[in-house]
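Student: Take a look at the letters that make up each chain.
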Amino acid sequence: MSDLIVVEDLTKRFGSLVAVDGVSFTIGEGELVGFLGPNGSGKTTVLNMMSGLLRPDAGRISLSGANVGGMTADRIARAGMIRMFQLTRIYPEMTVIENLLTAGFALGLDKRQATERADELLADLKILAYREAFASDLSGGQQKLLEFACCFMKAPKIALLDEPFAAIHPTMRQTLADYVRGTNAAGQAYILVSHDMPIVIDLCPRAICLAAGSVLADGPTDEVLREPAVIEAYLGPNHS
Amino acid sequence: MLSSMLVSGLITGTFYALMALGLTMIFGVLRIVNFAHGEFYMIGGFAYVLLYHSLGVPIVAALPAAVVAGAALGWVVERLLIRPVYAEMGARQQGRDEYAIIVTFALSILLIAAMTKIVGPWSLQGPRLIDGPPLLIAGIRVSPHQLAALGIALFFLLGTLYLLNYSLWGRQIRAVAQNRSAAAVMGVDVGKVSTIVFATAGGLAALAGALLSNMISPSPDVGAFPAIKSYVIIVLGGLGSPLGALIGGLLLGVIENLGAIYISFSYRDTYGLVLLVVILLVRPNGLFGEMRREV
Amino acid sequence: MAARVSSLRRPAAPTSRTQLAIALLMLAALAPLPTLGLEIYWQGVVITSLYYAMLATNWNLLAGYTGLFSLAPAGFAMLGAYVTALLWTYAGVSPLIGIPSGAIVCAVVGLIIGILTLRLSGPYLALTTLALAEILRVIALNSFDITRGEIGLEVPALFSHQSSYYYMFIVAVGCLLIGLHWLLGKPCGLYLRAIRNDETGARARGVRTVFWKVFAFTISSGFCGLAGALFAHYVIIVSPSIGHLLVTGLVMSMVVLGGMGTLLGPLVGALLVNVSSEYLRAAGDYQHIVFPIIVIVFARFCREGLVGRIAMMFNARAGVNAARGSRTTEVLASS
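Chains as they are written, first to last, in our numbering: chain A, 6 to 245; chain B, -18 to 276; chain C, 22 to 356.
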């Protein structure tokens, strides 16, 4: 398995606070990796740096061998590393189909390709009925599905999903999980940040656990979850 | 010549800093630029002049009254126009910036037009704080009035900075500026802090207007240039940085005065724009600007 | 809960063939008025309205579609006017070259300001354009030897009859609206609206946000310069008053009143504001008091403006249909 993502010694400080402290990991083609860690452990900050929204203070990030550190966020997205946010970021005053077309055009599709792909995604995610509705009229869960769909208008090399399953109706959660599982089986790589332990155990063969800005454990999910350090980070030192 | 221009630059800069400090505090707490800031200055100038000339109020009462007028205007603006929208829109940023720009800019035009209706388009010179023959200090001629105005301005400027750093009031303001929602969770009344900041900013700008009314006679549109200079200063000092406002103000005052001697006097108001362009090119976060978390 | 709150703020149609058709019909209805005996004075009011409609449409491209706030539409109009005036006065250059030169100079200045300010997030564009507008005005005012200050520079007229200007401005506004409608139907239109909706989201999904913001600001500046240069040869005197901040205030009133982010709004707003200004001026110069109040009230309680409000009523019906999965009406959008 060749390396799709190589992250080396990634560091970010906010004032005196070291939010991410020398994080390194590699992700191979087609892998589905869960990102675990308590609040404030630096998961979102790592994602922000990988997607180019935040400039790292130190470290290297490469995608398929090319250094993407210092590239603007839009270039990284076009290079194939795309990002879904924890707090939904769709275009509320545009229709569902316009949301999708915007993403498709930006990633280089033409009108026919983009329209076909959008309809396909809307059908897969079971929101085709809302094609012409304004995005602001969708429920919170539907908006998440829409943002998710926007990330897949052109299949990325890797998708970074930040808490996609939070605050979303169970049936939609199932739709989303099925889509992730299905595309991963076909070779789509993911990083999945989630607090929802059962879903991570269910979906991700491998997990990386962050705590206080450092990698605490990295390996097969069930082993990571048995690590005493991970249990301590999650449940506090007085557990057991 | 050079040293006297330097000193007069620092004096002008003190008044600029008085304006810019309030503006940068508003930006720090509410993340908006108050485009009606020059009109706070104008209201202060007119309040001072009209109370003295038309109603015969003595200077010792007219000057505080002008500050109160500016603070009251700031208070009303925040409560009536800014706060409802912030409460309604909650954490969502979208739409708030555009609302704030539109409303404060419209307010600026409204206040200029309303004042023109009330007092006419003319300018009225304000009274001196103290009369007396000019003094010669270190080879520079200053009138006692200028000295008194500078003293009062410095007192309020440094006093505000001191309170910002060392009082509970200041700590609350800095907490809200750093993280609005966290401050609210910690029990700071964010709405009240915003109102107080707006009122303080209004009072400081009005004070500048009153103190300068003898040297720059207030007219309804007198606020445009002080306001534009304070916009340049807050970018120069870093948006939201009080210390940056002080140093940026002094710096702009000096640069304008040096430009007036060495380049041309009639274009002295334009040097700020040149400075703004240079800052945006080389140090867009300002001299004291901090990078902040975005997502 | 979130969905219910947002449905109260149902967005208006950005553009549509219906809106374009209404705008063109309005212009077509204005066109024959001079031959039907519209007084010269009122012809002038319509010409001024159409000049303002050009500025308002360009400001709307920034504020209404892209979410960028320039406080220099009047400043750019003044710059465009001075370019053609100075070229004529000092080099004898014909207005036919001077007018496009005005537009190009403004576009270049817009490009530079755009590159400087728009790669930063924050209120830098509004601050810089405000400083630029006022400082350009002061330069024009103080450079008496070159610009003759407040007295202004005389420029030649383009036509001998006022009605010719009337038709020229109708054609200019019509072309501008058709062009904008066309632009909004392209991917670029989606990018601009995406930037206003959520700039970070757009960037993270591959939209070249800085490029498109600079693009929008550059063309908007250029067209403001064009409008100013055309207007200069109608009033045949170019003075700093063209660039006064009050003009920018009026432009803002027109867009907010008519409807930000709607194709038709600025035209409707420009006509409403200018025609009612005539009466307010006669009543004692109340226009600069009344319109800011209207702007504040609209910004607070009717953000979508008049055209937006009407379009919303259609959309409310269309939205219900969309939720049922049926085809939406044509009012929704054109792309």
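Among the clues, some could well be false.
[Claimed, not checked] Selected chain C positions facing chain A (in silico; Cβ < 7 angstroms): (1) A112; (2) E171; (3) L204; (4) A215; (5) N218; (6) G227; (7) V228.
The set of hints was computed from the structure by calculation and includes no laboratory data.
Ideal Cβ positions, reconstructed from N, Cα and C, are used throughout, including at glycine.
Student: Hint by hint, note whether the structure agrees.
Tutor: Right, here's what the structure says about each hint:
1. A112: For A112(C), the interface hint is violated, since the closest Cβ of chain A sits about 43 angstroms away, which is over 7 angstroms.
2. E171: 44 angstroms, violated
3. L204: Given a least distance of 14 angstroms, the restraint on L204(C) is violated.
4. A215: 5 angstroms, holds
5. N218: The hint holds - N218(C) has a Cβ within 7 angstroms of chain A, the shortest such distance being about 4 angstroms.
6. G227: Check passed: Cβ of G227(C) comes within 4 angstroms of chain A, closer than 7 angstroms.
7. V228: 4 angstroms, holds
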